[in-house]
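*Asks:* Chain A is already provided as a structure; the job is to place chain B on it using the hints.
Chain by chain, the residues:
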Amino acid sequence: MTFPGPDINWVAFTPPLVLLLTAALAVLFALYQESGRLTAQLSLLGLVVAALFNLHLFQVVRQTDAFTSFGLRYLADTPAIAFNFVILIGTVLAVLMSYHYLERADLDHPEYYPLILLSACGAMVMVAAGDLITLLLGLEIMSLAVYVLSAWRQGSRESEEAGMKYFLLGAFASAFLVYGIALLYGASGHFVYAEIAAVLRGDGFDQLLLATLGGMLVLAGLAFKAALAPFHQWAPDAYTGAPTPVTAFMSVVVKAAAIAALLRIFSSVFPDLSPLVGQVFAVLVALTLVLGNLAALFQRGVKRMLAYSAVAHAGYLGLAVLAAGTVGTRAAIWYLTAYTLMNVGAFAVLSLIADRNDRGDDLERFAGLGRMKPGLAAALTVFLLSLAGIPPLAGFTGKILVFQAALQAGYVALAIIGIVMSVVAVVYYFRVVAVMYFREPEYELPAISSWATSMAIVVTVAGTVLLGIFPGWWYGLLQAGRQLLAGM
Amino acid sequence: MVATEYYVALSSILFAIGAVGVLTRRSAIMVFLSVELMLNAANLALVAFARQWSGAGSITALSGQTAVFIILALAAAEVAVGLGILVSIFRYRASTDVDALAEIRL
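Chains as they are written, first to last, in my numbering: chain A, 1 to 488; chain B, 489 to 594.
Keep in mind the hints are simulated off the structure, nothing from the lab. Ideal placement from N, C-alpha and C gives every residue a C-beta, glycine not left out. A hint or two may mislead.
[Said to hold, decoys possible] Short derived list, chain B residues pointing at chain A, Cβ under 10 Å:
#1 Ala516
#2 Ala530
#3 Ile558
[To be verified] If you want the ones that stay clear, here's a sample from chain A, every Cβ over 12 Å from chain B, calculated:
#4 Tyr32
#5 Leu44
#6 Leu45
#7 Asp106
#8 Leu276
#9 Phe430
#10 Leu478
[Said to hold, decoys possible] Chain A is faced by these chain B residues, among others (derived, beta-carbon under 7 Å):
#11 Phe503
#12 Val519
#13 Ala533
#14 Trp541
#15 Ala544
#16 Ile559
#17 Val569
#18 Ile577
In isolation and in its complexed conformation, chain A is listed as follows (with noise of 0.2 Å):
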């Protein structure tokens, strides 16, 4: 018996590998070091360095062809590298949020840094994945190091509840993507996107049933990390309960990955499964966009109606994903770019309002932000706006793309489900804006002044504006190159 030696290809995966490493090394430090000072400033460092690698194989990938290694297992095409880039941004900016919030917070351990670094090369594993099992290593590297960070505030119920109820949920979530994974493989014998697709394409396939039902499963399994409607019951209670700058990374690392996931699966096994699971898809879609827009709604504190406001968003990014293929990928690969900048923002203003316990995030505390603090003020304005999706805001054109995906997809009814709940969105994004500017102060705000979370509002306000007012340069980058999406 023989067997063909491994085809590794080390140049397609050098971003998550220099961030794996970056992590080793972090952990190591993390040893000898009361404080995170020193292992955030050396995860900013992997994380540039891990950029740059990114830009390399991005450039490379233009002008030849795309990267893949271990067979098909792992594909570092375009979108996997545009989405390696929005993972990348999402991460520095939760580390620049969360260098001097975690020490007034009193949370202050060096093994932070290294988890959120491991949290991100999982998530970046997850979207390069080009089999079922690469797709659950990555799901559990990136997820393993959340539940963690989400229970960050030692000694603090919501913290730790909000970790336990997340690690339990997800536990039962990843048991289904596991056995969907272990039914597709029964049907097909195969479990490589592009191997399973060519048998379910083939003459004589009569297993259809079976691979339906793990095609099922499997998307229960990504649903739930996406947060997408019935299984988002954790999320607002993960968001509300972790620390700031975690929320603000599980809300956008976590779910670019699980978006891409679904993308990729979208766009090789999925078609040739029984209508059956689109249809289903479709209903979780709208399910998400009602239940997400209509419970923020009714929020108190900001923090949780931002939380709703998250799961909202899955929802306009299952239209792109319903439309996958060229068109929906780029629509979503774009509008997750936006939603990183834009939330990461808001997030970002908020841990700078908030109690040094994340408490205190009515929206009382918000009266009269206008006039005592004029540029948090702004800011939040500039991402609530764009959240809201007001042009010329990046959250605009992301909201345009996806509709229109949805529509040349043949969604109608989906795109018009999203166009009326994103008018619904708008008044609980204004009714923020217009307490801090038309309401009198009531709370006297804790004086907190952070160069690094300042430097990461003053990031993602830039970027909101300038990808609302410039979007075609990000666009025309995502069409270079070639997209293998699963291989074929």
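*Replies:* Leaving out everything else, chain B in the frame of chain A:
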């Protein structure tokens, strides 16, 4: 030779028992054990399918078996993290009842 269907039927029963356990048990440890049962149900299905595919070439059959090892490792990692969080909650709460996790509004 026992047909693959019987193994898969057994594994789906185990999976269902695990799922019911997650939804009904109150202790976090028992919820956790139920999740492990679900994962092992998937492992059983994978092994059974791997045997079924043994006619289709060694690589096809072995990929199913290697997947089982990977899932075993993942389950172990999950246990480590999960019990860690559990212990840190238990330290000040002295209870692992999931119904007590009601501080956060649903």
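*Asks:* Against this structure, judge whether each hint is valid.
*Replies:* Okay, the hints, checked on the actual structure:
1. Interface restraint check for Ala516 of chain B: the shortest CB-CB distance to chain A comes to about 7 Å, inside 10 Å, so the restraint holds.
2. Because the closest C-beta pair between Ala530 of chain B and chain A is about 4 Å apart, less than 10 Å, the hint holds.
3. Hint status for Ile558 of chain B: holds, given a least beta-carbon distance of 6 Å to chain A, under 10 Å.
4. Against chain B, the non-interface label of Tyr32 of chain A holds: every CB pair exceeds 12 Å, the least being about 22 Å.
5. Even its closest Cβ contact with chain B, about 25 Å, leaves Leu44 of chain A beyond 12 Å, as expected for a residue assigned away from the interface.
6. Consistency note on Leu45 of chain A: stated as away from chain B, and its beta-carbon is indeed over 12 Å from all of that chain's, at 27 Å minimum.
7. Annotated as non-interface, Asp106 of chain A keeps its C-beta farther than 12 Å from every C-beta of chain B; the closest such distance is 16 Å.
8. In this structure Leu276 of chain A is separated from chain B by more than 12 Å, as the shortest Cβ-Cβ distance comes to about 19 Å.
9. Every C-beta of chain B lies more than 12 Å from that of Phe430 of chain A, the closest at about 24 Å, which supports listing it as non-interface.
10. With a cut of 12 Å on Cβ distances, Leu478 of chain A stays outside the contact zone with chain B, its closest approach being about 32 Å.
11. Proximity of Phe503 of chain B to chain A holds as hinted, the smallest CB-CB distance being about 6 Å (cut-off 7 Å).
12. Contact between Val519 of chain B and chain A, as hinted, is supported at the beta carbon level, the nearest pair being about 5 Å apart and thus within 7 Å.
13. Because the smallest distance between the Cβ of Ala533 of chain B and any Cβ of chain A comes to about 4 Å, under 7 Å, the interface hint for this residue holds.
14. The beta carbon of Trp541 of chain B comes within 5 Å of a beta carbon in chain A, closer than 7 Å, and the hint placing it at the interface holds.
15. Using the Cβ-Cβ criterion of 7 Å, the hint placing Ala544 of chain B at the interface with chain A is satisfied: the shortest such distance is roughly 5 Å.
16. At a threshold of 7 Å, the smallest CB-CB gap from Ile559 of chain B to chain A is about 6 Å, leaving the interface hint in force.
17. The beta carbon of Val569 of chain B comes within 5 Å of a beta carbon in chain A, closer than 7 Å, and the hint placing it at the interface holds.
18. With a cut of 7 Å, the hint placing Ile577 of chain B at the interface with chain A holds, because the nearest CB-to-CB distance is about 5 Å.
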